[in-house]
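Order-wise, the sequence lines are chains A and B. Quick note: the first sequence uses this note's numbering, first residue 1, plus one each step. Quick note: the second sequence uses this note's numbering, first residue 298, plus one each step.
Keep in mind the hints are simulated off the structure, nothing from the lab.
If you want a taste of the chain B side facing chain A, the calculated C-beta under 7 Å gives, among others: (1) Ser441; (2) Leu457; (3) Gly552; (4) Tyr575; (5) Val578.
Note that beta-carbon positions come from the ideal geometry of N, C-alpha and C, so glycine has one too.
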Amino acid sequence: MTATAEITSVTAEPTADDPSAAAQTWDEFRRNPLGLIPLAVLAALALIAVFAPLLAHYPGGYGSAVLQPPSAAHWFGTDNLGRDIFAEVVYGTRVSMLVAVCSSALAIALGVLLGVLGAYFRRIDNVIGTVVDLCLSLPVLPLTILVAALAGPSLRTIILIIAFFSWPEVARVVRSQALAVVNLPYVDAARVIGGRHSWILRRHLLPAVAPVIVVSIVLTASRAVLSEAGLAFLGLGDPNSWSWGRVLYEAQQSGAMSSAWWTTLFPSLAILLLVVAATLIAIAYNDARNPRTRQRV
Amino acid sequence: MPPLAAFILKRLGRAVLTMWFAITVTFLLLRLLPGDPAVAVASTNMDAGMRHQLLKEYGLTQPLFTQYVKYLDQLLHGNLGQSFTQSQPVSSVLMARLPWTLLLTGSALVLTVLVGVPLGVIAATHAGAAMDRLVQTAGVVGQSLFVPSVGIFLLFFLGLRLKLLPIGGAYDENAYGAGWYLSVLQHLALPCLSLVLVSLGSYVLTMRATLIDSLGEEYCLLARSKGVSERTVVWRHALRNALLPTTTLLGLQLGFLVGGAVLTETIFAYPGVGRAIYEAVTQLDYPVLQGSFVLLAGTVVLANMLTDLAYGLLDARVRTA
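If we strip away everything but chain A, and leave its shape as in the complex, we get:
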């Protein structure tokens, strides 16, 4: 099995229609169940987020069945006000995914821009590097809490805050990758033939850091989910929308967490599922991209 796979990969490489690096990576990724299953999990969560109204009624209003354990009528049980926890978790998927996507997109944009610029224009690198180091050496959660409390809780604020405190990590990773590329001969060559800065950045630097960006997107998004849940757990979430952190917050506030295990177990599992899936995807992607691990498999 492995022998034939190796032979085909060896013979496939020198042919004229050499598949692109991205296609090769995907080909490799596809064969790894530890990459494919988490990808399916993420896709399923995204579908749940999109089609939430088809799966459950919006958890508003108070029900008479208070703190009921899981049953056929309430799969995940009910909370202290008789609301269906399954519905809360389903709608929570929306908020968590939204925060993950938006804040990671913002953080990536800012982090990549500053990371690449810093590596390329050495004159501003000192400033960017110092700011990144400073940001990374401070405890982020207490600062996020202060900002969230000052700005008032809303989904938009939370997305902005999380993005604003996640970009330094992205910038650090992207910058160190870009620094390794900037001094390679092909970048010098591009400069020698008179390429404009914007062209060199777009055509040569960005593609070189692209794999790092892919990993960053996944990891930043999963960390954003944890940050949002953390803020919501402290009561700084958007009071008008359900998130997994808010389900936990209400269970803690009402004291339900010490008597009714289902009020905390299901939102916790949802968070764990999403974050583990994202981490595994990042690992599988790294393995698939790395020729060394590719050969070993």
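Given chain A's structure and the hints, the job is docking chain B onto it.
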């Protein structure tokens, strides 16, 4: 200047710069965000003269820079302002609570290293085997844990169901002498365990990866070819060199751990700075929130500096880097 003195001076400078940055960011946030307590107090539908009077009392009519200098001056004198809700200075509110947070995060950090090093060694020396897979899987899951989930789980099973350990507060009020210290340890157990569980994963994974790299280095090959036992190669040669990058990681993790402490202290009603933050959030006590951040940032910066200095003294490579 001798290189050691230059190293110490440089590291001190960086710590001061980091603190200045933290304080300045806090100042700007307080002045620029809508929730500024002083502005909130002087609400817009108030009589114009009264509003001006109030703003003046808070020093908010002065130019931003003057306010900034005054703010720095206050902080340098250890003045973090007045708590809104407890009618006492923020510094005395928080200083009473800082020891508990130091105890919690400190013990969690020590335990993470004590458990993490052997686990990393086992995984690295059995790379690819079942043992290694198990540690790696546990590491990935551990990395992905949400602090409150772990805390609630421990509280529910170990605290409430099995009644093994107390779940609220930091000590037993009716205990004295040795009994008091025992009760402190018992109350510490669950919050500390929650923090260890969430911080262990990434520590073990990094330890494993660095150790595998070290074990492939030439000095390990040399040691082996001299006939040194594999045990000594791992523990005395490879591990010593793998400790540096993992210690750097630990410094970065300290900030994360402090954030985790805010969440665990909330769950276990542990009377540290984190619990003070939670209480201040529910009462919108901004001075306490701001003071907590400055204090926790100071702790993290100081701890990082001390670790770096200790490492610089032990390892000459750090000094020249």
